[in-house]
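Now for the letters of each chain:
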Amino acid sequence: MPTKAEIRAQAERLQGFFKGAGAVPVETDILQPAEALLDLYGEDIRGRAYVTSDALRGEQMLRPDFTVPVVQMHMAEGAAPARYTYLGEVFRRQEQHPGRASEYIQVGFEIFDGENPAAAEAEVFALFSEVLSPLGLRAATGDIGLLLSAVAGLSTTEKRKAALRRHLWRPRRFKALLDRFGGRVPVREARARLLQALEAEGAEALIGRAGPEIGLRRRDEVAARLDALAQDAAEPPIAAAEVALLDDLMSLRETCVNALEHLRDIAVDMPAIAPAIDRMAARLDALAAEGIDVDLLDFEASYGRTTMEYYDGFVFGFYAEARPDLPPVATGGRYDALTARLGGGTGVPAVGGVVRPELVLTLSGAGQ
Amino acid sequence: MTLKLGVPSKGRLMDKTFDWFAGHGVSIRRTGSEREYAGAVEGIDGIELVLLSAGEIPRELAAGRIHLGVTGSDLVQEKLADWQARVAALEPMGFGFADLVIAVPAFWADVETLDDLDAAAAAFRAAHGHRLRIATKYHRLVREFLREAGVADYALVDSQGATEGTVKNLTAEAIADITSTGETLRANHLKILSDGVIHRSQATLFKARGADWDNGARGVYQRLADRLGLGE
Numbered sequence: 001m002p003t004k005a006e007i008r009a010q011a012e013r014l015q016g017f018f019k020g021a022g023a024v025p026v027e028t029d030i031l032q033p034a035e036a037l038l039d040l041y042g043e044d045i046r047g048r049a050y051v052t053s054d055a056l057r058g059e060q061m062l063r064p065d066f067t068v069p070v071v072q073m074h075m076a077e078g079a080a081p082a083r084y085t086y087l088g089e090v091f092r093r094q095e096q097h098p099g100r101a102s103e104y105i106q107v108g109f110e111i112f113d114g115e116n117p118a119a120a121e122a123e124v125f126a127l128f129s130e131v132l133s134p135l136g137l138r139a140a141t142g143d144i145g146l147l148l149s150a151v152a153g154l155s156t157t158e159k160r161k162a163a164l165r166r167h168l169w170r171p172r173r174f175k176a177l178l179d180r181f182g183g184r185v186p187v188r189e190a191r192a193r194l195l196q197a198l199e200a201e202g203a204e205a206l207i208g209r210a211g212p213e214i215g216l217r218r219r220d221e222v223a224a225r226l227d228a229l230a231q232d233a234a235e236p237p238i239a240a241a242e243v244a245l246l247d248d249l250m251s252l253r254e255t256c257v258n259a260l261e262h263l264r265d266i267a268v269d270m271p272a273i274a275p276a277i278d279r280m281a282a283r284l285d286a287l288a289a290e291g292i293d294v295d296l297l298d299f300e301a302s303y304g305r306t307t308m309e310y311y312d313g314f315v316f317g318f319y320a321e322a323r324p325d326l327p328p329v330a331t332g333g334r335y336d337a338l339t340a341r342l343g344g345g346t347g348v349p350a351v352g353g354v355v356r357p358e359l360v361l362t363l364s365g366a367g368q
Numbered sequence: 001m002t003l004k005l006g007v008p009s010k011g012r013l014m015d016k017t018f019d020w021f022a023g024h025g026v027s028i029r030r031t032g033s034e035r036e037y038a039g040a041v042e043g044i045d046g047i048e049l050v051l052l053s054a055g056e057i058p059r060e061l062a063a064g065r066i067h068l069g070v071t072g073s074d075l076v077q078e079k080l081a082d083w084q085a086r087v088a089a090l091e092p093m094g095f096g097f098a099d100l101v102i103a104v105p106a107f108w109a110d111v112e113t114l115d116d117l118d119a120a121a122a123a124f125r126a127a128h129g130h131r132l133r134i135a136t137k138y139h140r141l142v143r144e145f146l147r148e149a150g151v152a153d154y155a156l157v158d159s160q161g162a163t164e165g166t167v168k169n170l171t172a173e174a175i176a177d178i179t180s181t182g183e184t185l186r187a188n189h190l191k192i193l194s195d196g197v198i199h200r201s202q203a204t205l206f207k208a209r210g211a212d213w214d215n216g217a218r219g220v221y222q223r224l225a226d227r228l229g230l231g232e
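Protein sequences, first through last, are from chains D and W.
FYI, in the UniProt record's numbering the residues of the first sequence are 1 to 368.
FYI, in the UniProt record's numbering the residues of the second sequence are 1 to 232.
Hints are computed from structural coordinates only; laboratory data are not their basis.
The C-beta atom is built at its ideal place from N, Cα and C for all residues, glycine as well.
Treat each hint with caution, since some may be false.
[Unchecked claim] Far from chain W, some chain D residues (derived; all Cβ distances over 10 Å): (1) Thr28; (2) Met73; (3) Met75; (4) Ala79; (5) Arg92; (6) Ala126; (7) Asp247; (8) Tyr319; (9) Ala320; (10) Leu338; (11) Thr346.
[As the list claims (entries may be wrong)] SDA-like, lysine to any residue: derived pairs with alpha carbons at most 20 Å apart: (12) W:Lys137 with D:Ile45; (13) W:Lys168 with D:Asp220; (14) D:Lys161 with W:Gly150; (15) W:Lys191 with W:Ala162.
Generate the whole structure from the sequences, applying the supplied hints.
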């Protein structure tokens, strides 16, 4: 086990590398107001972060990541284009993995620049690839933007698309929704009865019979959703061929170059993903220009769907294949939508990543 | 060295626990005055009775300060992270039944399942500007259950009592609470979601994995296990 002093020295070495790439060092508070994090991640974050409170400032969290405070700082005072690097502890409760560290150092690098997104992505990936190259790690890449554009291109209602988009990061729920919208599962019996009663009696009678109105969710909100249910039931299912294409897309695992070819085949029947494929092609060119061998680089279309909820474009991670017990050494991706949410509507194209210096040390066998 | 057995210190749970052990040929009784928390075990030598609040028994088991303990399975799963690594459930005891359930206002004719709750939560958040609040004291169990089910856009708010009243009082939109008959829920115009049973709890005999099992405790345990007809 490397000592804390060794880890910090390694972290400073890594940060030095990012400074060399033109990044300005920034610091953030360790105590973060819980509200923004809760708003973004939902209740799940409470299971992963340390929550504390004081009588004056309300609920606070020990910084579970740097991305949110760095984005907030940039949106409040920064001017694009900007490149930042940071170094410090993050805190995560590890109830599911008691053996994993609950306090560890991250070193990050972020680019806020919309000038040439493909080049920015390639630069971030290439920097992490270079600084980690002595460790012989496997790189995984994916593209959440491709999945989002595939959902947007389905021939179905906006409501169904919004429901699918909302659960893109919860694969099981997403599949259940797709099965339902695709007519692949029968309508539940209770739902069929409800729809019949709704048609026969109308929403008002149904609600009135069910019970008195209590609580903040009003009677008209219940009626509105009943209407939505009836409307959705009248919609035809998403065509089986479209669902099959989406399944095909989501299970795609190839090298980047082969994946690109496969995606172009899919795009013949799913033209909505063509712009996202063009962006991917531009990224691969930019990666090749940075010296990355894209013929060997892996691409998994569903990569990042379970762990990286704010990424909405290119995603990547670096893994020690011989040590499946370890978390990824570095992860990152594009998070344009997050900057818009934290910036009150106006966003900045942003891409970046973090590396864990203690894993770099562990894997390089330093200190032995 | 003796084996420490933690049992609930009062009420029906204590009486039923004593009955259960008596039914298996082990007599447990309180000693001393009515108000003194002391007890004795007869029938097997080497067992020390520890009378505790049922809510503290999970913690004492996890810390290994008692070898065995009787408490609700809901309390163990709520209070202990990674509970299976820290305690073993030896035997469900057939009393203290209670279901931890998610309930919503009965007039929500559009919400029957968790799937509906999730969709209603999304619409609620868009309309009201905050997440749909679920009042509970079982934060861990409820959060894990809802994450597993893929429900989003909700927030848990803490409620240590009279949870069924929180919807009417406008401090929550839904609740997650213990019920045995559903009577209180109905009286407060709430209904249980059809797939909203989070945990079916009952009084259970637990064994602490991290207690000191050397110095004779294991031998005492073996004799007790034989008497109680436990598998191990």
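| Claimed clearance of chain W by alanine 320 of chain D, with the beta carbon kept past 10 Å | holds (25 Å)
Would the hint linking lysine 191 of chain W and alanine 162 of chain W be met if the CA-CA limit is 20 Å? holds (16 Å)
**Prompt:** Minimum Cβ separation between leucine 338 of chain D and chain W greater than 10 Å?
**Reply:** holds (16 Å)
Report task. Please settle this one: methionine 75 of chain D was flagged as non-interface, so is its CB more than 10 Å from every CB on chain W? Result -> holds (20 Å)
#### Entry: Non-interface label on arginine 92 of chain D, tested against every C-beta of chain W at 10 Å
holds (13 Å)
- Non-interface claim for tyrosine 319 of chain D: all C-beta distances to chain W beyond 10 Å? At about 24 Å from chain W, tyrosine 319 of chain D clears the 10 Å cut-off, so the statement holds.
Lysine 168 of chain W and aspartate 220 of chain D: Cα distance at most 20 Å?
-> holds (17 Å)
Minimum Cβ separation between alanine 79 of chain D and chain W greater than 10 Å? holds (30 Å)
Notebook entry, point to check: Would you say threonine 28 of chain D is clear of chain W, with no C-beta pair closer than or equal to 10 Å?
Noted result: Nearest chain W Cβ is 25 Å from threonine 28 of chain D, so the label holds.
query = Straight-line Cα separation of lysine 161 of chain D and glycine 150 of chain W no greater than 20 Å?
reply = holds (17 Å)
Q.
Confirm or reject: aspartate 247 of chain D is not an interface residue toward chain W, with every Cβ-Cβ distance exceeding 10 Å.
A. holds (18 Å)
Are lysine 137 of chain W and isoleucine 45 of chain D close enough, with their CA atoms no more than 20 Å apart?
holds (18 Å)
Of the numbered hints listed earlier, not one is contradicted by the structure.
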